[in-house]
Amino acid sequence: MGSKYRSPTIDRRSFVKIVTALLGSMMAAVVGLPVIQYFISPALKKDVSDDWISLGPLENYPLDIPTPFHFTLTRVNGWERSSQSYGAFVLRRPSEEIVVFSDVCTHLSCRVSWDPENEEFLCPCHAASFDKFGGVTSGPPPKPLNRYEIKLEENQLFIHFREG
Amino acid sequence: MTQSIFSWLDERLGLTAIYNTVLDRKVPKVNWWFTLGSASLFLGLLQGITGMLLSVYYVPTPDHAYDSITFIMNGVQFGWLIRGLHHWGASLLILTAFIHLLRVFFYGAYKYPREFTWFTGVILLFGALGMGFTGYLLPWNQRSYWATTVGTEIAGTVPVVGDFILRVLRGGTDLSAVTLSRFFSLHIWIFPAVIIATVITHLYLVIRLGISNIPDKDS
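Chains A and B supply the protein sequences, listed in that same order.
For the first sequence, position 139 matches number 139 in this note's numbering, and the numbering has no gaps at all.
Start counting at 1 in the second sequence, then tack on 1000, and there's your number in this note's numbering.
If you are wondering where the hints come from, they were derived from the structure by calculation, not from laboratory data.
Every residue gets a Cβ at the ideal spot worked out from N, C-alpha and C, and that includes glycine.
Where hints are given, some of them may not hold.
[Claimed, not checked] Not the full set, but computed from the structure, chain A residues with beta-carbon under 7 angstroms of chain B:
#, residue
1, Ser41
2, Ala43
3, Gly78
4, Asn155
5, Phe158
6, Phe161
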């Protein structure tokens, strides 16, 4: 090639290197950046549940003893529709006050159970205990058991279940 | 700083030597047909990357395969892009590999001392076709179901052992969950393992023997 075609600032080899690097980075970016979204987009999607769940007639629940209640909800995760089971404890106070706790330990989401002998909720994972009203009595949980919002309709107990 | 890190690594790993051997090696004056091997390699790598990404969401069971792909297409951002690249890349790879084969054939580049390079190339061609055949079933839609029914039926026409081959391919008499599962395993483990080993051999031979000239009128 004649010298009049030669660039004074850049030789052929460096030019090819730069173009290759640029095109390569562009192609990597076209595939690479969407990959980030590809991985995290299902995590950003919120599958919201907001339902009133019937717990049946109030008479089913004895006075002053936390009584378990289990229910299942259908959730859609990705390509799968599955039923997840949830648990709650109903405590009917003699004063007719009603408290419904979630059975999920506030520490790391193990399920707590009611120990009638010692009158406390026990979490099997890290030996945490909660009193009858859900307050933490020992162990690592940072806050009391979650309470559900409740309503009574014609003597039927409902809890307001929200997730997501 | 970068320079000193590089020379520290270079001294221990021999990076410059690798670079000189692999990329700065001497090549004869050739034409664009000689880029098809690299193009196939690039497409193969792209298939590997997009395939790994698809396996994040894909499930190889009859009850979820189709739904999981629908989820990739509609539920995941850029899922259409990853699957599209994998889908079109597959066809393009067969095309580039085949034209690569034709170039080697018509330029006589398979001759001494490159016979074994050709041999590994043939294995790679069958590997790519095997990937295509097994990958075609994975979406588990009508087209893949019937294509695989017919494809395995064709294998079944082999004299004497045909029925045996058909049953081994399907994992039973019928096209079933067993077929899908074994095709998936072949597609993501067994064929890739063979292909990677063969690509390494193929490239080693290309680098060791160098590439051939374009034959002139005398040869």
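Going down the list of hints, with the structure as the test:
With its C-beta approaching chain B no nearer than about 4 angstroms, Ser41 (chain A) sits inside the 7 angstroms limit, and its interface hint holds. A cut of 7 angstroms between beta carbons decides the hint on Ala43 (chain A): the least distance to chain B is about 11 angstroms, and the hint is violated. Satisfaction of the interface hint for Gly78 (chain A) is found here, the shortest Cβ-Cβ separation to chain B being roughly 5 angstroms, below the 7 angstroms cut-off. Residue-level restraint check for Asn155 (chain A) is violated (minimum Cβ-Cβ distance to chain B is 42 angstroms; threshold 7 angstroms).
Interface restraint check: Phe158 (chain A) against chain B, minimum CB-CB distance 32 angstroms, threshold 7 angstroms, status violated. For Phe161 (chain A), the interface hint is violated, since its Cβ never comes within 7 angstroms of a Cβ in chain B; the closest pair sits about 24 angstroms apart.
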